[in-house]
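**Student:** Starting from the structure of chain V, add chain R where the hints point.
Protein chains: 2
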Amino acid sequence: MKTLAEPVSRLIEELSRLPGIGPKTASRLTFYLLRSPKDQSEALAKAIMDVKQKIIFCSHCYNITESDPCLICTASQRDQTKVCVVEEPLDVLAIERAQQYNGLYHVLHGAISPVEGIGPEDLKIRELLIRIQREPIEEIILATNPNLEGEATAMYIAKLIVPAGVRVTRLARGLPMGGDLEYADEITLARAFEGRRDM
Amino acid sequence: MKTLAEPVSRLIEELSRLPGIGPKTASRLTFYLLRSPKDQSEALAKAIMDVKQKIIFCSHCYNITESDPCLICTASQRDQTKVCVVEEPLDVLAIERAQQYNGLYHVLHGAISPVEGIGPEDLKIRELLIRIQREPIEEIILATNPNLEGEATAMYIAKLIVPAGVRVTRLARGLPMGGDLEYADEITLARAFEGRRDM
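Protein sequences, first through last, are from chains V and R. If you read the first sequence in our numbering, its first letter stands for residue 1, the second for the next number, and so on. If you read the second sequence in our numbering, its first letter stands for residue 1001, the second for the next number, and so on.
Pulled out of the complex, with its shape left as it was, chain V reads as follows (with noise of 0.2 Å):
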């Protein structure tokens, strides 16, 4: 491929990198890229430059913030008693967009998947542990994936918690809101049923 531009099949190599990009769409991103106007751009790699540099993880819950301690484990109207575990920043987002939730967070950067050699030690699980031990936490809620490794990783907290006397309790599983009941899973219809309320 001697005429490509050696900057053009950089961008495509290191579009490549990024997950669920593969060679076809890095290079039409590449191409795009190179027809946008330069403002566009620039916002990008700038963009990009500014996420790594004032970013930080928060010390204290380790969500995404630009301040450390972030604005949740600041704000003094939330309740301090509930600590929501979640396994990535994104659940955060997800769960601060439904408006039900006003307690702490704790993000674990993951969960536990053998397969993929993340072990509890790579998570941050001993630093939730600590905070059990200092902060006025009464209740834990593990809100990490309804998959094999997020079942895992919340029986496995469960577990380490349950002896600390903090109430442990993990989100409902049921059927999805707007779902289609013929469309569901059997384990999502069994759980379903087990978690049953009265009307």
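To be clear, the hints were calculated from the coordinates, so they are not data collected in a lab. On a predicted model such as this, the values are computed, not experimentally measured, just so you know. Cβ atoms here follow ideal geometry from the backbone N, Cα and C, with glycine treated the same way. Take these hints with a grain of salt, some might be off.
[Claimed, not checked] Cβ pair distances, simulated, as ranges:
id, chain 1, residue 1, chain 2, residue 2, range
1, V, Asp39, R, Ile1118, 21 to 31 Å
2, V, Glu116, R, Arg1017, 29 to 39 Å
3, V, Asp198, R, Glu1006, 39 to 49 Å
4, R, Glu1139, V, Asp180, 50 to 60 Å
**Tutor:** Below, chain R without anything else, positioned relative to chain V:
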């Protein structure tokens, strides 16, 4: 979304402006970059800047290049009597990979598309006509895409060139190699019959 730091939301926004990347993919990429080594993000940002700073369009064939005129236009061993007309720089790459063609190129930067408001004056068609007058061109090979816009563009250009006495050809249409006859669409099959050859 007050919990989302400004640099994070800005990167999500900038990534969402790229074609084929929605807000969900943009979030995923942003959090990937947040967690990836600093080197990788810096290399990506630099590659984006470099491509805009170092890559120009050849003033002759309008392909992308680092030097003007480009390496293909200045390659004396290439056949100067043939010009292959394509829509995009990526098409040049694809044809070069096939190692079948040894002439020059002319990149239109698009195809005629009334729906998208792209007319002949938005493409490098006038520049092609000037080349035909000035250069010893004997054959124009129209290699625009085999779809509605590409066909319309090819027909439009052919009408303009034929009076100049230059041979105008179009890439063969037929069954793609490695394809399955039973999955070929009607138009491809019809063209494959039309273009059948004696063995």
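**Student:** For the hint 39 to 49 Å, verify it against the beta carbon of Asp198(V) and that of Glu1006(R).
**Tutor:** Holds, since Asp198(V) and Glu1006(R) (Cβ atoms, about 46 Å apart) stay within the stated range.
**Student:** Should the hint that Glu1139(R) and Asp180(V) are 50 to 60 Å apart at their CB atoms be regarded as holding?
**Tutor:** holds (59 Å)
**Student:** Just tell me: holds or violated, for the beta carbon distance of Glu116(V) and Arg1017(R) against 29 to 39 Å?
**Tutor:** Distance hint for Glu116(V), Arg1017(R) holds at roughly 32 Å.
**Student:** Determine whether the Cβ-Cβ distance between Asp39(V) and Ile1118(R) falls within the hinted range of 21 to 31 Å.
**Tutor:** holds (22 Å)
When held up to the earlier numbered hints, the structure conflicts with none and fits them all.
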